[in-house]
Structures are given as structure tokens and as C-alpha cells.
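Please work from the sequences and hints to get the whole structure.
Protein sequence lines, in the order shown, are assigned to chains W and C.
Note that the working numbering has the first sequence beginning at 81, numbered continuously upward.
Note that the working numbering has the second sequence beginning at 233, numbered continuously upward.
Keep in mind that the hints were calculated from the coordinates and are not lab data.
Just so you know, these numbers come straight off a predicted model, no measurement behind them.
A virtual CB, placed ideally from N, CA and C, is assigned to each residue, including glycine.
There's no promise every hint is true.
If we take Cβ atoms under 7 Å as the criterion, some of the chain C residues that face chain W in the derived model are [said to hold, decoys possible]: (1) S318; (2) I322; (3) H324; (4) V346; (5) S349; (6) V392; (7) I395.
Sample of chain C residues lacking proximity to chain W, with all beta carbon distances greater than 12 Å (derived) [claimed, not checked]: (8) S236; (9) V265; (10) R272; (11) M278; (12) K295; (13) V320; (14) Q331; (15) D332; (16) D347; (17) P358; (18) K370.
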Amino acid sequence: MKTICTSIIGFGAIGQGVAEVLLSKKEYLESLDLDVRVIAVVDSRGATIDPAGVDLAACLTRKRETGTVALEKISGLEVIKTLDHELVIETTPTNIETGGAGLLNMMAAFETGKDVVTSNKGPLTLKYRELQKAAKASGSKFRFEATVGGSMPVINLVNEVLAGNEVRSIKGILNGTCNYILSRMLEEKASYTDILAESMELGIAETDPSYDVEGIDTACKLVILANALFGLEATYKDVEVTGITKITPDALEMARENGYVIKLIGEVSRERLLVAPRLVPINHPLAVGGTLNVASVETELAGEITVTGKGAGPIETASAVLSDLISIYREC
Amino acid sequence: MRISMDLELKDVPGQMLLALQPLSECRANLITVVHHHQKRTPRNTMPVQLVLETKPENLELLKARLEANGVRVVRVGEHRFRESISVVLIGHVIHTGIQDTINRIDKTGFAEVVDLSLSMPGIEMPSSALIKIDAVGKEEIQQALAILKDVSAKKDLLMVLPIGIQA
Ligand SMILES: NC(=O)c1ccc[n+]([C@@H]2O[C@H](COP(=O)([O-])OP(=O)(O)OC[C@H]3O[C@@H](n4cnc5c(N)ncnc54)[C@H](OP(=O)(O)O)[C@@H]3O)[C@@H](O)[C@H]2O)c1
Numbered sequence: 081m082k083t084i085c086t087s088i089i090g091f092g093a094i095g096q097g098v099a100e101v102l103l104s105k106k107e108y109l110e111s112l113d114l115d116v117r118v119i120a121v122v123d124s125r126g127a128t129i130d131p132a133g134v135d136l137a138a139c140l141t142r143k144r145e146t147g148t149v150a151l152e153k154i155s156g157l158e159v160i161k162t163l164d165h166e167l168v169i170e171t172t173p174t175n176i177e178t179g180g181a182g183l184l185n186m187m188a189a190f191e192t193g194k195d196v197v198t199s200n201k202g203p204l205t206l207k208y209r210e211l212q213k214a215a216k217a218s219g220s221k222f223r224f225e226a227t228v229g230g231s232m233p234v235i236n237l238v239n240e241v242l243a244g245n246e247v248r249s250i251k252g253i254l255n256g257t258c259n260y261i262l263s264r265m266l267e268e269k270a271s272y273t274d275i276l277a278e279s280m281e282l283g284i285a286e287t288d289p290s291y292d293v294e295g296i297d298t299a300c301k302l303v304i305l306a307n308a309l310f311g312l313e314a315t316y317k318d319v320e321v322t323g324i325t326k327i328t329p330d331a332l333e334m335a336r337e338n339g340y341v342i343k344l345i346g347e348v349s350r351e352r353l354l355v356a357p358r359l360v361p362i363n364h365p366l367a368v369g370g371t372l373n374v375a376s377v378e379t380e381l382a383g384e385i386t387v388t389g390k391g392a393g394p395i396e397t398a399s400a401v402l403s404d405l406i407s408i409y410r411e412c
Numbered sequence: 233m234r235i236s237m238d239l240e241l242k243d244v245p246g247q248m249l250l251a252l253q254p255l256s257e258c259r260a261n262l263i264t265v266v267h268h269h270q271k272r273t274p275r276n277t278m279p280v281q282l283v284l285e286t287k288p289e290n291l292e293l294l295k296a297r298l299e300a301n302g303v304r305v306v307r308v309g310e311h312r313f314r315e316s317i318s319v320v321l322i323g324h325v326i327h328t329g330i331q332d333t334i335n336r337i338d339k340t341g342f343a344e345v346v347d348l349s350l351s352m353p354g355i356e357m358p359s360s361a362l363i364k365i366d367a368v369g370k371e372e373i374q375q376a377l378a379i380l381k382d383v384s385a386k387k388d389l390l391m392v393l394p395i396g397i398q399a
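This is the structure:
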């Protein structure tokens, strides 16, 4: 049995989802000869630490009941720098302006020779090359499937399953909130403002929805895909971005009468990174509804391959984190 | 019936008039003339392409008159729209003089607005339009889209294109 000592930095929706999945998949992981031992769980107020393995179930309960896992006043960065472990699961909030705590955490992890699995887009959108360089310098593994499309496998699909294929383009719906809003506007013939309010009530849209509805989130995901799968050195500035705030219910209805739905589509190729509302034929594989995400990968040998799945949600996103973890440690 | 015609004119002054005169005589409606001033055929003539609207029964007479004027008729074909595209425009579509935009596209001769749905929810509210354009080929679709893109940029309209199409 191989023991993998890991920290979970960030214990919100996703961090907790990861903890739940590690608990429920304990036996399965053991069947792969993997003993995943979480030695620290950290939120914004501090950490729970136990080199022999923290009690994840107790952490989940304590977080729920008291609002924090903190038993010691020690930051994620200190945990990464001072505690001996192999893997950092980084699930702190996305910050696309500075990279936030996530960027410092990831850099520190690489500097101390640790592997990183993350769902945090911010650092990858800003400093992809630097992160990859740091990871390479220390021989660390760096996986981030959860940053694009939540549960939906895109990065690993291209890098592993479709290995050997040249990828020409990827097009898709990479933001569940926008998809939900546009789908509901059409169903209810309701205005953007009304459906946005509904989405906030349901917790599908954030209190500041601009990051989603202006297309910024989709653009960040394109940047990650461009860098990770097309070998580009793209940043947010390279993306032409139009969001969904101007879409009217009339436009959606007219489109439908003519056999189309309107979706916020992100597309990336070597030539162009573009986020814009698009007319998608109703029977097209990209015409998925609700909060679903979808991506169509145009490859040289395999033709077009389309995947769809839940782009958000704690357990769904944790599934991508889990598969990254397994693929790192199963392969060596 | 819409006809496209490839003509060859002699490289001497006054030839264009000789090519256009027979059109009015035969009651054909000229839609576009594409005249390549720089180009010469191997026979040292100037190629000219016409798109015109005429009754089928007048076509033979028209050809004969052109030949009589010394204009060579190289090819005559029905001008068919093979490509079609739908585009949604959102914003103050009406104030932008949508008719003007349609005219600009129609005047090209190679593309035509064949359908327009408009919805105006209220005076100050943004309206929405779905425009269907037919054109003779893919390149001509792109040229029609360039016109729409130009108008959209100037009048701050959101242009929603079908997936896979770049403007
Ligand atoms: N939610 C999704 O469905 C989804 C899907 C894909 C990717 N993601 C990405 O995954 C990441 C986590 O998302 P989430 O929904 O779990 O966010 P969240 O619920 O806001 O959780 C963030 C967690 O990070 C903690 N934190 C904040 N600053 C910290 C710091 N400096 N050091 C250590 N911990 C810190 C927070 O502490 P407190 O609990 O004390 O506030 C919280 O536990 C984000 O980057 C997000 O973009 C989310």
C-alpha cells in the first residue's frame, strides 16, 4: 500500500466535497493500493493538523457546526511550507486579478517539491507558464481538471484518452450559470433581470454575477485550455469576450422559431480565443440545457468528440479532483 | 429570373455602353456590374460580370443584341443562392435604419435579405431582429456579414452569429 500524505487548503463547497469523496472512496482507493492520508485541512481561519491523518468526518461536522475547521492558527501557506507531505489539494477562492492565496500556495507547494491538484482557476489564468516551470523544476505533478467544466473531463480527455491526436479547436458551454439563465429565459419568456434574480435565489448565480454573465469565467477557462492543450502562452487579454447581459427573451424566441437556441459559447483554437453568444441549432450536440456544461473537441484523427456534464457542484467537482489524484499516483 | 452573365469587352473606349444598352432595350434590370479594370483575358479583352433580373423569354434576344454590339457572352447562368445564414441583432435595431442595412446587402447582387423578423417590446427597450441572408457562396455570405458587422459596431448592436461562423 502506498501512503499519500495530503493537505486540503480551502474547505468551502469544493474542499468539503473532496473530503466527502475521500471518505466514501476509501475502500476503492485501497483497492488501487492507495492510502490517501489527509494530514491537514485548512480554511481562512486556520487548520486542523494531524500527521497520522485527520478525522475527515469530524472536520466536516465541525465546519458545519462552528463555521470553521481551525483548531490551530496556522495558514495554508505555513502548512505547505512546514509540514511534510506529498500532495496539496488547493481549493481556495478564485482570484483572477492577483491569483490570491492560491497562487502563493501552489508556488510554495512546488518549491517544496509537492504535487498539486486544484480546482482554482485564478493562478492558472494568470501564471500558467510560471507554475508549470516551477512544477517542472521540482519534478512535481500538477493537475487541474476541475478548473474547466467541473466534473466534465476535457483536459484529461485530450491529454490522455485522445493522446496522439492534434486538437484543432474546442468549443463549448463552460459556464453553468449562463446556460441556466439563457435556458430559463427561453422557457419562461422572462427578462434577463428576472431570471438573474431567480438564479441568485437558487444559489446558481453569485451575489456579484458579473464574473459569470460577462463571460469572464468562460474566458478564464479558455485561457487554461489554450495553455494546457494548445501550447499557447495566452492570458485573459487575448480573449475577445461578449457576455449574455444584452440577450432578450424576444431574441431567444425568434431564434427558437428558426431552429436555434442562443448559448454562451467559448471557443479556442491556435488562431483565436473567443467568448460570445451564438446561435446553436436545436439538435446540435452543444445545445444542452439547464446548468450543464458541454465541450466539443475537434481532433485530427478522431474527428469531433463531445462531452457533457455538470460544470459545478461540490461532489461533481470533487470527482475531477479525485480522478486527477488517482491518475498521478497510479501511474508511478 | 435572376441571371449572372460573364462578358468580355474589347479594350477600347465606349465598350461598357455597348454592353449595357441592350439591357434596357430588353427590359432587363441590372443589379450589379463587376468590372475588373486591371484584368485582361488571354484574348486581351476585359472580363465583366453582370447580375440582372429578366424574363426568361427575353434572354435569347438579349444575348443576340450583345453579340451584335461586339460584346462576347462567355457564360450565362441562373444566379442561384446556395448559402444561407441567420443572424440575430439585439439593440436599437429600428433607430439604426435597418432598411438601409438591408438595402446595402441587397445592392451587392450576390447576397439578399430574404427574411426579417422584428420585435419591439417598447420605445426605450432594446429590440431584437432575426435576419436571414441568402448568398451565392460562402465568401459572399462573409461579405454580407462584414456589412452587418460594420453597422453593428457603429450602432452598438449585439450581433449573434451561428456557431462556427466568424465575421
Ligand atoms: N463551486 C463549484 O462548483 C466550483 C466548480 C469548479 C471550480 N471551483 C473552484 O474551486 C475553488 C473553491 O470553490 P468553492 O465553491 O469551494 O469556494 P468557497 O465555498 O468559497 O470555499 C473557499 C474556501 O477557501 C477558504 N479560504 C479562503 N481564503 C483562504 C486562505 N487564504 N487560506 C486557506 N483557505 C482559504 C475559505 O475559508 P472559509 O470557509 O473560512 O471562508 C473556504 O473554506 C474556487 O477557486 C472555485 O472557483 C468551484
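These are the hints, each one checked on the structure:
1. S318: Holds: closest Cβ of chain W sits about 5 Å from C/S318, inside 7 Å.
2. I322: Since chain W brings a Cβ to about 5 Å from C/I322, closer than 7 Å, the hint holds.
3. H324: Given a least distance of 11 Å, the restraint on C/H324 is violated.
4. V346: Cβ of C/V346 sits 12 Å from chain W, so the hint is violated.
5. S349: With a closest approach of 5 Å, the C/S349 hint holds.
6. V392: This hint holds: C/V392 lies near chain W, its Cβ roughly 5 Å from the closest one there, short of 7 Å.
7. I395: 5 Å, holds
8. S236: Nearest chain W Cβ is 28 Å from C/S236, so the label holds.
9. V265: Since the minimum Cβ distance to chain W is about 34 Å, C/V265 lies beyond 12 Å and the statement holds.
10. R272: Holds: least Cβ distance 36 Å, greater than 12 Å.
11. M278: 38 Å, holds
12. K295: Per Cβ check, C/K295 is outside 12 Å of chain W; nearest 40 Å; holds.
13. V320: C/V320 is in fact no farther than 12 Å from some Cβ atom of chain W, at 5 Å.
14. Q331: 19 Å, holds
15. D332: 21 Å, holds
16. D347: With a cut-off of 12 Å, C/D347 comes too close to chain W, as the shortest Cβ separation is near 9 Å.
17. P358: 6 Å, violated
18. K370: 17 Å, holds
Violated hints, listed in ascending order, are 3, 4, 13, 16 and 17; each of the other numbered hints is respected by the structure.
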